[in-house]
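Asker: Which chain is which? The protein sequence lines are A and B, in order. Residue 63 in our numbering sits at position 63 of the first sequence, and the numbers go up by one each step. Residue 70 in our numbering sits at position 70 of the second sequence, and the numbers go up by one each step.
Misleading hints may appear alongside valid ones.
A pair holds if it fits inside one copy or across any two, identical chains being indistinguishable in the list.
As the list claims (entries may be wrong) - With a straight-line cut-off of 27 Å between C-alpha atoms, the simulated BS3-like cross-links for lysine-lysine are: (1) Lys56 to Lys83; (2) Lys17 to Lys49; (3) Lys28 to Lys49; (4) Lys49 to Lys27.
Keep in mind the hints are simulated off the structure, nothing from the lab. Note that the coordinates shown come from a computational prediction; the quantities given were computed from them, not determined experimentally.
Below are the chains, spelled out letter by letter.
Protein chains: 2
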Amino acid sequence: MYVVLVYDISGLGNGQKILGKVFKICKKYLTHIQNSVFEGEITEGQIVKLKSELNKLIRKNIDSVIIFKSRNEKWLDKEFWGKKDDALSNFF
Amino acid sequence: MYVVLVYDISGLGNGQKILGKVFKICKKYLTHIQNSVFEGEITEGQIVKLKSELNKLIRKNIDSVIIFKSRNEKWLDKEFWGKKDDALSNFF
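With the rest of the complex left out, here is chain A (with noise of 0.2 Å):
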């Protein structure tokens, strides 16, 4: 399954730590494609763990994390406008 991952952690109280922690865990399982985004390849066993991590760190009512699933990557085309990380060289 192919996914999309986006979260917008609150700068409040340990926000910043938080943030971190959210970043590290995000690229054990997935690709850093921009601020706060991850794409990838992911099976339903890693989002289960993937979800039960996240959701140890972010607090519910101010933190957000939105994920895409897509059975088939090619299902979703992507277009870049304006800078390309430079993490995806990778890709193309």
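With chain A held as given, fit chain B onto it using these hints.
Answerer: Below, chain B alone, put in the same frame as chain A:
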């Protein structure tokens, strides 16, 4: 066509002003669902207009816009972990 658009506008120079303008332009065509994330149904013609409006604003070397296009919203499942943007209430 269903799209998800994410942007990362650098704070350098008049980045703050550009950010506000980019937000307003995206809001004309799509629904704001998270910090710098928009989604919605859009026609090919509207995407061309959206792209040309944004391209006049963004600085190609430091700002980034990524648009994920799916021919059918059904091909993309969406899950929220944590806060759901209140603007979404009209969706569910």
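Asker: Which numbered hints turn out to be false for this structure?
Answerer: none
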